[in-house]
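Line by line, the protein sequences are chains A and B. Quick note: the first sequence uses the working numbering, first residue 1, plus one each step. Quick note: the second sequence uses the working numbering, first residue 114, plus one each step.
In case anyone wonders, no lab produced these hints; they're calculated from the structure. Do not take every clue at face value.
Restraint ranges, calculated between C-beta atoms of paired labels, are given here [what the hints assert, rightly or not]: (1) B:152 - A:82: 25 to 35 Å; (2) A:80 - B:152: 25 to 35 Å; (3) A:2 - B:180: 34 to 44 Å; (4) B:208 - A:79: 23 to 33 Å; (5) B:180 - A:54: 44 to 54 Å; (6) A:52 - B:157: 25 to 35 Å; (7) A:39 - B:181: 40 to 50 Å; (8) B:127 - A:79: 41 to 51 Å; (9) B:222 - A:80: 44 to 54 Å; (10) B:194 - A:9: 22 to 32 Å.
Listed below are several chain A residues computed to face chain B (Cβ distance under 10 Å; list not exhaustive) [claimed, not checked]: (11) 13; (12) 35; (13) 90.
Each residue gets a CB set at the ideal place from its N, CA and C atoms; glycine is no exception.
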Amino acid sequence: NAGVTQTPKFRILKIGQSMTLQCAQDMNHNYMYWYRQDPGMGLKLIYYSVGAGITDKGEVPNGYNVSRSTTEDFPLRLELAAPSQTSVYFCASSSRNGPGELFFGEGSRLTVL
Amino acid sequence: TQLLEQSPQFLSIQEGENLTVYCNSSSVFSSLQWYRQEPGEGPVLLVTVVTGGEVKKLKRLTFQFGDARKDSSLHITAAQPGDTGLYLCAGVTGNQFYFGTGTSLTVIP
Chain A
1 NAGVTQTPKF
11 RILKIGQSMT
21 LQCAQDMNHN
31 YMYWYRQDPG
41 MGLKLIYYSV
51 GAGITDKGEV
61 PNGYNVSRST
71 TEDFPLRLEL
81 AAPSQTSVYF
91 CASSSRNGPG
101 ELFFGEGSRL
111 TVL
Chain B
114 TQLLEQSPQF
124 LSIQEGENLT
134 VYCNSSSVFS
144 SLQWYRQEPG
154 EGPVLLVTVV
164 TGGEVKKLKR
174 LTFQFGDARK
184 DSSLHITAAQ
194 PGDTGLYLCA
204 GVTGNQFYFG
214 TGTSLTVIP
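Only chain A is shown next, with the shape it has when bound in the complex (with noise of 0.2 Å):
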């Protein structure tokens, strides 16, 4: 059972770049989100999906985008790198049966120059 599924593991980008950060879920799950963690700031809020065809803001959304096609797929998009978005990104999902469970990817670590 693959989880939750993020590509690539490691990038580096240049000033200006753009590139998608890819997600993938097969269990299911209606809810689907980005964060972004740095060091000593813990976990922060990117965008969030509550199902195909439906996003929503974070808390830090500027220079990023989303979209929510499918189920199973949460990609994320940096537009026009910054070194301020050189981060650890983390996709999760839930089923948010009760107070739900949020299961993570392994992480992208993003690294722009």
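Take the given structure of chain A and dock chain B to it, following the hints.
Coordinates of chain B only, in the frame set by chain A:
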């Protein structure tokens, strides 16, 4: 923004010692969760507490939710090297999970 402050930020203790990690907020949450994260991996859920004043025990770990549902604590008894990791609290409200700043625990054999 729902801010959750964890303390201490870093903790290094000897095997066998006890410790407590705190998670505090000015916001009320419908539930609060604790996750543990190891290097290079995503966080993994340890427990969810829902009711104000609730106490849950998982072997040597004891979790408590504050009466006002704004804060929580994690107590570890007789810490072991396998407890080493980053501990994150998360307040749940609506569809969103708000994470604390994290406590990095190192247990020295």
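* For which of the previously enumerated hints does the structure constitute a violation, in increasing order of number? -> 5, 7 and 11
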